[in-house]
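A.B. asks: Going down the list, the sequences are from chains A and B. Start counting the first sequence at 1; every next residue gets the next number (the working numbering). Start counting the second sequence at 275; every next residue gets the next number (the working numbering).
Read the hints as simulated data drawn from the structure, not as lab findings. Errors might be hidden in some of the hints.
Said to hold, decoys possible - As a list, the in silico SDA-like pairs of lysine to any residue whose alpha-carbon atoms are at most 25 Å apart:
id : chain 1 : residue 1 : chain 2 : residue 2
1  : B       : Lys390    : A       : Leu81
2  : B       : Lys390    : B       : Leu469
3  : B       : Lys408    : A       : Cys119
4  : A       : Lys60     : B       : Arg488
5  : B       : Lys390    : B       : Ala293
6  : B       : Lys520    : B       : Leu423
7  : A       : Lys60     : B       : Leu291
8  : A       : Lys143    : A       : Leu81
9  : B       : Lys390    : A       : Lys271
10 : A       : Lys153    : A       : Leu226
11 : A       : Lys115    : B       : Gly298
12 : A       : Lys271    : A       : Ile250
13 : B       : Lys520    : B       : Leu469
14 : A       : Lys60     : B       : Ile406
15 : A       : Lys115    : B       : Leu292
16 : A       : Lys87     : B       : Asp404
17 : B       : Lys408    : A       : Asn113
18 : B       : Lys390    : B       : Lys520
19 : A       : Lys143    : A       : Pro167
20 : A       : Lys153    : A       : Leu125
21 : A       : Lys115    : B       : Arg295
22 : B       : Lys390    : A       : Leu178
23 : B       : Lys408    : A       : Glu104
24 : A       : Lys60     : B       : Leu284
Unchecked claim - Sample of chain B residues with no beta-carbon within 12 Å of chain A, all distances over it, derived:
id : residue
25 : Phe430
26 : Phe434
27 : Leu444
28 : Trp524
Glycine included, each C-beta is placed from N, C-alpha and C at the ideal position.
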Amino acid sequence: MSQDSLPSILRFDHVTVAFGSDVALADVSFEAFEGESRVILGASGSGKTVLLKTALGLVKPDSGEVFAFGQNLTAMSERQLFDIRSKIGMLFQESALFDSLTIEENVAYPLLNQKSIHCAPGQVLPRVEETLEFVELGGTLEKFPSELSGGMKRRAAIARAVVTEPPLVLYDSPTAGLDPITAHTIITLLIKERDVKQTTTLLVTQRYQDGNLIANFRYNSKQGCLEPARNGAGRAMRTTFMVLREGRLIFEGGQDELEESKDPYISKFVKQRV
Amino acid sequence: MLDLLKEPVLAVQEFFLLAGRAIGNVFRSPHYHDDIALQMDTIGVGSLLIAALTGFFSGAVMALQMARALSSYGQMGKTGTLVSIVLVRELGPVLTAIMVAGRNSSGMASELGSMKVTEQIDAMRALGTDPIQKLVTPRLIATAVMLPLLTIIADFVGVFGGWVISYVFLHLDSRLYWSTSWRALEWNDITQGLLKPFVFAFAIALIGCFYGLRTTGGTQGVGRATTQAMVAANVMIFILDLLMTKVFVWQAS
Numbered sequence: 001m002s003q004d005s006l007p008s009i010l011r012f013d014h015v016t017v018a019f020g021s022d023v024a025l026a027d028v029s030f031e032a033f034e035g036e037s038r039v040i041l042g043a044s045g046s047g048k049t050v051l052l053k054t055a056l057g058l059v060k061p062d063s064g065e066v067f068a069f070g071q072n073l074t075a076m077s078e079r080q081l082f083d084i085r086s087k088i089g090m091l092f093q094e095s096a097l098f099d100s101l102t103i104e105e106n107v108a109y110p111l112l113n114q115k116s117i118h119c120a121p122g123q124v125l126p127r128v129e130e131t132l133e134f135v136e137l138g139g140t141l142e143k144f145p146s147e148l149s150g151g152m153k154r155r156a157a158i159a160r161a162v163v164t165e166p167p168l169v170l171y172d173s174p175t176a177g178l179d180p181i182t183a184h185t186i187i188t189l190l191i192k193e194r195d196v197k198q199t200t201t202l203l204v205t206q207r208y209q210d211g212n213l214i215a216n217f218r219y220n221s222k223q224g225c226l227e228p229a230r231n232g233a234g235r236a237m238r239t240t241f242m243v244l245r246e247g248r249l250i251f252e253g254g255q256d257e258l259e260e261s262k263d264p265y266i267s268k269f270v271k272q273r274v
Numbered sequence: 275m276l277d278l279l280k281e282p283v284l285a286v287q288e289f290f291l292l293a294g295r296a297i298g299n300v301f302r303s304p305h306y307h308d309d310i311a312l313q314m315d316t317i318g319v320g321s322l323l324i325a326a327l328t329g330f331f332s333g334a335v336m337a338l339q340m341a342r343a344l345s346s347y348g349q350m351g352k353t354g355t356l357v358s359i360v361l362v363r364e365l366g367p368v369l370t371a372i373m374v375a376g377r378n379s380s381g382m383a384s385e386l387g388s389m390k391v392t393e394q395i396d397a398m399r400a401l402g403t404d405p406i407q408k409l410v411t412p413r414l415i416a417t418a419v420m421l422p423l424l425t426i427i428a429d430f431v432g433v434f435g436g437w438v439i440s441y442v443f444l445h446l447d448s449r450l451y452w453s454t455s456w457r458a459l460e461w462n463d464i465t466q467g468l469l470k471p472f473v474f475a476f477a478i479a480l481i482g483c484f485y486g487l488r489t490t491g492g493t494q495g496v497g498r499a500t501t502q503a504m505v506a507a508n509v510m511i512f513i514l515d516l517l518m519t520k521v522f523v524w525q526a527s
C-alpha cells in the first residue's frame, strides 16, 4: 500500500467500532498518503460516516488504532485532539452549520476557536470573505443558514471546513439530497479545493459518479473549470477507491480494478455510472 | 435483570460525569462570557414575568386560605406571618423552580437535542470547542445565578399578593400585615429560601442539558428528550426539596 516515500496522513490499523451490539466498523485497515484522494463508497449504514468521525477522533474505536499525521488519536484526550483536528477539515452530511450564527460567523468559527490557528483579528474577515468567494458564496455573509438553499448550505459548510487551509479534508456525502446540477457544482468545488490547495481528500459517497469525477478530472485554475485527467495524470497522486459493506472494507484499489470487480455489491455502485 | 439495570446505571453515570465536567469547567478557561450573559437574559429576564405571576397568585391564594383557617382561632392577624414563612421556605423556591424547569429545562433539552441530531455538537468538537464548556457550563452558571434572584422577586411579589388580599378583602391593617410578615422570618428561613433555588438550578440546567446531549432519533427524539427533561427536572426538584427541608428542620430543632 505504500505510495513511494510520501508521508502517511491517516492510518487505520484494525479498527473496530461498535455501538452496543451494532458493529459499525469491523477490523478496518488502510493508509492514506499526502496528496491522495480516497473515495469511500458504501450503502446507507455501511459505516462510512463512522469511519470519517473515527478519523477525526469524534468516535473512539473499541479496538485498533487510528493515526493522523503520525499521532495516535486513540491514546489522546479530547483536549489533546483539538490540535490534530485543526489540521483536518470536515464537511458533515447535513452541513451542520450553527443555526444561531450568520454565515460569516460560521466560517469564522474555526479561525477564532481553534487554539493552534493563529489568525490576527484583523485578518479574520478578509479570510472569511476570500473563502466564501472561493466557494462562490460572496454576498451571503450576513445571512443565516436557514435563509440558504441546500446547495448553498453545503458550500458554506465547505468554506467553514477549508477556511483554516487544513492539509486533510473529509467530506461526508457532500452531494446527498442535491439535484444533479448542484451535486456537480459541489464536486467541482471539492476538486478545486484539492487541486488549488493541494489537500489530501477523503470523500464518502453513495454515488459512483462523484468518485468518477474526483478520479478523472482536475481543476484548471486558468480557465476556472474542470478538465479530464484520467487517473490523476498531471497530478502527483492517483485516486484510490474503497468500498464498505456492513462495516467491513471489502475493496481497496484503483478505478480500473473497481470496475472489473465481479462482486455483485461493488458492481451495483459501478453501474450507477452516467 | 442485570441487562435491565445496565442502561439506567449507565445513564446515571453519564449524568454525573457531565455534571462533574460542567462544574469543573467553571474554574477552567476558556470562559464564554457572551454565552453566559445570553443565557442569563433568556433564563432570568425571560422568566421574570412568569415567576412574578406565580409568586403573586400563590401569595394571594395562601392569604385567602390561611385567613380562613386562622379566623377559627381568632388569629387572622397572623396571616402575614404564615404567608411569608410558607412562601420564603417552600412555595417561592419550589414554584419558581418548577416554572423555570418547565420553561428552560425543556428549552435546553430541545435546543441541544436539535444541535445533536443535526451534527452541530460534532461540528463544534471538530472545530476546536468543548461542547460542555460552550453549551452546558454557561447554562449552569446562568441558572445558578438567576434562579435565586427570581425566587427573591417571587417571594416579595407573593407577600405583596397576600397583602392585596388581606387589605382589600380581609380588611386587615397594612402595618400589621407587613410587620408580622417581616418579623416571622429568621435567618434559617432566608438561608433555605436561597439555598434551595441554588441547588434546584443545578438540577434544572444539568438535567436539561443531559437529555439534550443524549438525544437520538431525529425530531421525534428531540420531542422525547424535551418531555423527559421537564418531567425529570420537576421530580428532582421535589426530591431535593424534601431532602433539604429535612436537613433544615433537623438543624433548626
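A.B. asks: Does each hint hold? Answer for all of them.
C.D. replies: Checked hints:
1. The hinted pair formed by Lys390 (chain B) and Leu81 (chain A) meets the criterion: a straight-line CA distance of about 20 Å does not exceed 25 Å.
2. Among the hinted pairs, Lys390 (chain B) with Leu469 (chain B) is inconsistent with the structure: their alpha-carbon atoms are about 33 Å apart, more than 25 Å.
3. Taking the CA atoms of Lys408 (chain B) and Cys119 (chain A), the gap is about 21 Å. The hint holds against a cut of 25 Å.
4. Distance hint between Lys60 (chain A) and Arg488 (chain B) is fulfilled; the C-alpha atoms sit about 17 Å from each other, no more than 25 Å.
5. Pair hint Lys390 (chain B) plus Ala293 (chain B) holds up; C-alpha atoms about 18 Å apart against a cutoff of 25 Å.
6. About 23 Å separates the Cα atoms of Lys520 (chain B) and Leu423 (chain B), which keeps this hinted pair within 25 Å; it holds.
7. Among the hinted pairs, Lys60 (chain A) with Leu291 (chain B) is consistent with the structure: their alpha-carbon atoms are about 17 Å apart, no more than 25 Å.
8. Distance hint between Lys143 (chain A) and Leu81 (chain A) is unfulfilled; the C-alpha atoms sit about 31 Å from each other, more than 25 Å.
9. Restraint check for Lys390 (chain B) and Lys271 (chain A): not satisfied, since their Cα atoms lie roughly 35 Å apart, outside the 25 Å limit.
10. A C-alpha spacing of about 22 Å is found between Lys153 (chain A) and Leu226 (chain A), which places the hinted pair at or below 25 Å, so the restraint holds.
11. For the suggested pair Lys115 (chain A) and Gly298 (chain B), the alpha carbons sit about 20 Å apart, so the restraint of at most 25 Å is met.
12. A C-alpha spacing of about 17 Å is found between Lys271 (chain A) and Ile250 (chain A), which places the hinted pair at or below 25 Å, so the restraint holds.
13. Between Lys520 (chain B) and Leu469 (chain B) the alpha-carbon distance is near 14 Å, which keeps this suggested pair within the 25 Å criterion.
14. For the hint linking Lys60 (chain A) to Ile406 (chain B), the alpha-carbon distance of about 18 Å falls within 25 Å, and the restraint holds.
15. With a C-alpha separation of about 23 Å, the suggested pair Lys115 (chain A) and Leu292 (chain B) falls inside the 25 Å cut-off, and the hint holds.
16. With a CA separation close to 17 Å, the supplied pair Lys87 (chain A) and Asp404 (chain B) stays within the 25 Å bound.
17. For the proposed pair Lys408 (chain B) and Asn113 (chain A), the alpha carbon gap of about 11 Å is at most 25 Å, so the pair holds.
18. This hinted pair does not check out: Lys390 (chain B) and Lys520 (chain B) have alpha carbons roughly 39 Å apart, beyond 25 Å.
19. A threshold of 25 Å between alpha carbons decides the hint, and for Lys143 (chain A) with Pro167 (chain A) the separation of about 28 Å lies outside it, so the pair is violated.
20. Our distance criterion of 25 Å between C-alpha atoms is met by Lys153 (chain A) and Leu125 (chain A), whose separation comes to about 19 Å.
21. Among the hinted pairs, Lys115 (chain A) with Arg295 (chain B) is consistent with the structure: their alpha-carbon atoms are about 20 Å apart, no more than 25 Å.
22. For the suggested pair Lys390 (chain B) and Leu178 (chain A), the alpha carbons sit about 23 Å apart, so the restraint of at most 25 Å is met.
23. A C-alpha spacing of about 19 Å is found between Lys408 (chain B) and Glu104 (chain A), which places the hinted pair at or below 25 Å, so the restraint holds.
24. With a C-alpha separation of about 18 Å, the suggested pairing of Lys60 (chain A) with Leu284 (chain B) holds against the 25 Å cut-off.
25. Every CB of chain A is more than 12 Å from the CB of Phe430 (chain B) (nearest about 34 Å), matching its label as outside the interface.
26. Once the 12 Å rule is applied to beta carbons, Phe434 (chain B) is consistent with being away from chain A; the minimum gap is 37 Å.
27. With 12 Å as the threshold on Cβ separation, the claim that Leu444 (chain B) sits away from chain A holds: the shortest Cβ distance comes to roughly 50 Å.
28. For Trp524 (chain B), the shortest C-beta to C-beta distance to chain A comes to about 42 Å, beyond the 12 Å cut-off, and the non-interface label holds.
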